[in-house]
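Student: So the protein lines, in turn, are chains A and B. Under the working numbering, the first residue of the first sequence carries the number 1, and numbering increases by one thereafter. Under the working numbering, the first residue of the second sequence carries the number 1, and numbering increases by one thereafter.
Rather than coming from a laboratory, the hints here were simulated on the basis of the structure. Here the structure is a predicted model, which is why all the values come from computation and not from measurement. All C-beta atoms, glycine included, are put in the ideal place defined by N, C-alpha and C.
So the derived list for chain A, only partly shown, Cβ under 10 Å to chain B, looks like this: (1) Leu84; (2) Gly87; (3) Ala104; (4) Asp109; (5) Leu128; (6) Ile194; (7) Ser241; (8) Ala245.
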Amino acid sequence: MDEQPVRPGRRGVLKALTLGVPGAWAVRTHAATREQDASQDKPAQGDHADHGKAGTARPLKFFNAEEAAAVDAIVARLIPADELGPGAKEAGVTAFLDEQLAGAWGSGDQFYRQGPFEPGTPEQGYQLSFTPAEMMRRGLASLDAAARKQDGKPYAELSAERQDEWLRQMQAGKADFSPLPSAVFFQALLEGTIEGFFADPMYGGNADMVGWKLVGFPGAYASFSNDIERHGARWDGQPVSIAMARPHVSGVKGGTHG
Amino acid sequence: MAKTLPAVDVAIVGGGWTGAIIGKELAAAGQRVVVLERGEARWPSPDFQGPNVHDELKYTRRHALHQNAATETYTFRNNTRQKALPMRRWQFAYPGTHLGGAGNHWSGAYYRFDPTDFNLRSHYNDRYGAKIFDEDLTSQDWPITYDELEPYFDRFDYLVGASGQAGNIKGQKQEGGNPFEPWRSRPYPNPPMKVPYAAALFGEAARGLGYHPYVQPSALVTRPYVNSEGLPMSACVYCGFCSNFGCEHFAKASPQVCILPVAMKLDTFELRTGTHVLRAELTEDKKRARGVTYVDASGEEVFQPAEIVVFCAFGINNVRLLLLSGIGKPYDPDTGEGVVGRNYTHQTTSGVNLFFDESIHINPFMGAGAVAVTMDDFSADNFDHGPLGFVGGGYIQIQVVSGAPIGYHPTPKGTPSWGSAWKQAVKRYYNHSASITITGSAQPTHGAYLSLDPVYKDAWGQPLLRITYDLPDNDIRLSAFLTQKGDEIGKAMKGVTATEPGPRKRPFTATAYQSTHLTGGAAMGDDPKTSVVNRYGQVWDVPNVFVTGAALFPQNSNYNPTATVGATAYWIVEKIKADYLRSPGPLVT
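Based on the sequences and whatever the hints tell you, model everything.
Tutor: As structure tokens, this is what we get:
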């Protein structure tokens, strides 16, 4: 299995693309692995300076290299890295989406897909036949094709200003990605990005719990019995994640619910 | 050709609250009972243990305990002029699946219906005159009264270990309780829940405005408790993973915590999971059910003969089972004839978003599904409806359910939906926001009903249930009134810098979560022309079929349904035990 560490970031992506090595692109390490490693010898660092360090690379399951580059660029604009801390790209949202779209949810395991498909009223909700994975594949292709046509470059290579402008056009439904309404695609991207930024790190995003640290969410915390009536006190503990937990080992054999 | 199994006495469809209650009671009475649960067996241990159960993506976003929309959903339209289309993913409500059903992933908010919920039509007629009802409303009295049901409410209270401060014991008002509470025969078995900050601020403001806030009763126990079945429960720890989750602590009441371990020790009780019931099979004269046909986990069709069939599926799924079985006359909105599917309602929910200055640390993650300060000043008929011109009411509260941030990251209106400005607002407001929630009653109309969809089918080839529904003007006026009251309280709360009231608007949309309280369609009544079942949940036309759950409600109360669902299940099964088993046949003639 090709798990060769690859330096993350656009430079690495571009290099891989330039070299034309299929599958050479890989997103940064699975947060679970890193946190487990960290928990074994030292307390979690809580800084993100080590982002550039070569970690355990994670091969792509769903995206191709161009798609991954586009998603990296998109999520970096939706939740940017800024003075408040890392953004969605640094949080590993591309890896999160790659896992989700490659898995059961991406192929529509919770999505009623029988026809006939008709537009319906706004109150009847989503009525397209795309599964999440199909929508993402088509939407990314449409975006890159449109960006190449209008700006001469794929989305990932545009300036941040142009990238934002494309996102605004999509959100307003003005970009023509037919038959996929660009506003629907935009909404799916935004929801997926927010999920990846805030879901437990075991799913590949929210690396180092940066989403939770941004807002002050304690994560998979066990109990607030002693704190809930300390009104007005700010909770300032460190968050915990499922990803940090050691695998559940039960000494009980043949235990029942009874 | 279906495989036929040896006959049992009782086939129960669904392993949620009512199936567990009725199954256990009848098995203990010596009946051979099989409970057919379409989902998988799931238990607090090992299935819901921490930290893994604290997974918002899995349980809330990916619907781990919700009915799988891919295999079975509802179709929806606002009125009969539209073509119904399938809800391709869940948004408006979260019907449950797997053992315990919605009674496992619920929040535990625990209210009894008000006495006037049971005699709604006659009560409002008497107090305000018949004109208080808009012409389109088909609201009607229940066939039973609060007083008749009280002993069964009491019994369910002690099963779930309800926590709360009684406001009225046998007519005696109790200090510190809800002054509007209907009478109860005993105190709550456990004391009220702890109060989170946002709820306390709400209570303070509401009290200042002359209202009567109190701590919401809940089915999360507040201390170690041994329930009426002898099963142990533990105190809630306010972890904030309650609604949509299974409870790891044995604190939130559920069928698998409160009854099933006892039932499963009985030789006469069998739980059969992975069984998707297609229909009840009737005799040729359609006067009697022979049993039920289901598809097992491998896909094989199986016929389970039974003397009694009880539909205990998720609320309105029982209506679908009736329609698929050819039991009862389907409601026709054009003629007003027929009963199955009639009087479908949802619940008229709304809210007021509150934003605080940065000195107020809300800590929204310190909560539980049912931890709230609430008030009944505008519930039921606790206020003068005369000048207002609508029927029904609603409770107003702050409930701190969850701070899980995929779903909870409030920002004020006008905030960009992405980019650095969004990120900044999310950080600014996450710990300095709350929302007032308003849960209002819902009246049924001539045009709101359930039926089988003519086009769309489930994974087993059967028609989906079709929902035709829009909010009646009555409920729009109710929501405007209640939301305005909520906004006034919000504005009076300490530290609030902005309020955003959001009253419910027409048309009803299937794209926004409103509650999982889908009611009606198999109304209980005294008149076979306007009800599907009699006062004991027994189908008028097929007396060995019983129906339970929220499908029995002729209209929806402003209160959460589970206490009334549990109480009516006990009411029904006690009648079966006392009279039906001795002399099978119609219990009301």
